[in-house]
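Student: Sequence:
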Amino acid sequence: MRRVYLAVSFRRMSDDVLYRRKLPHGPDVRIRRTTAAGVTPVTAVIDVDRRAGTPREKEGGQPPTLKTASAPTEADVITALKTAADDDREIASLLRAKGLR
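Count along the sequence shown starting at 1, add 534, and that's the number in our numbering.
Take these hints with a grain of salt, some might be off.
With a straight-line Cα cutoff of 25 angstroms, these simulated DSS-like cross-link-like pairs (lysine-lysine) come out [stated by the list, open to error]:
{"#": "1", "residue 1": "Lys601", "residue 2": "Lys616"}
{"#": "2", "residue 1": "Lys632", "residue 2": "Lys616"}
{"#": "3", "residue 1": "Lys556", "residue 2": "Lys601"}
Distance windows between CB atoms, simulated [stated by the list, open to error]:
{"#": "4", "residue 1": "Leu629", "residue 2": "Thr568", "range": "15 to 23 angstroms"}
{"#": "5", "residue 1": "Ala571", "residue 2": "Ser627", "range": "28 to 36 angstroms"}
{"#": "6", "residue 1": "Leu557", "residue 2": "Gly633", "range": "17 to 25 angstroms"}
The set of hints was computed from the structure by calculation and includes no laboratory data.
Cβ atoms here follow ideal geometry from the backbone N, Cα and C, with glycine treated the same way.
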């Protein structure tokens with residue numbers, strides 16, 4: 535019997551990235567904390583990292599903010615933003631409103 539080994543690698547999320555998902559055409563939608571760790575209330579933003587998976591990914595900087603929320607905890611701020619972050623139509627609408635699409 536021949537054994538097959540799979541190599542799997544996972545990208546480590548930044549400590550400020552609370553949630554990440556991939557859009558069908560490649561970019562990452564992120565919920566990113568903008569306040570320091572441990573500070574309350576927690577403020578976070580939705581952004582789309584269109585450089586994800588490209589050589590420019592390591593250049594640094596942050597993408598434009600699409601939506602902002604504040605809540606007492608990280609879990610609460612994720613709950614407040616996750617519905618929009620998971621909706622491709624909402625993301626496209628937010629990008630259009632910011633002139634990014």
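Student: Quick check: which numbered hints come out false for this structure?
Tutor: No hint contradicted; all consistent.
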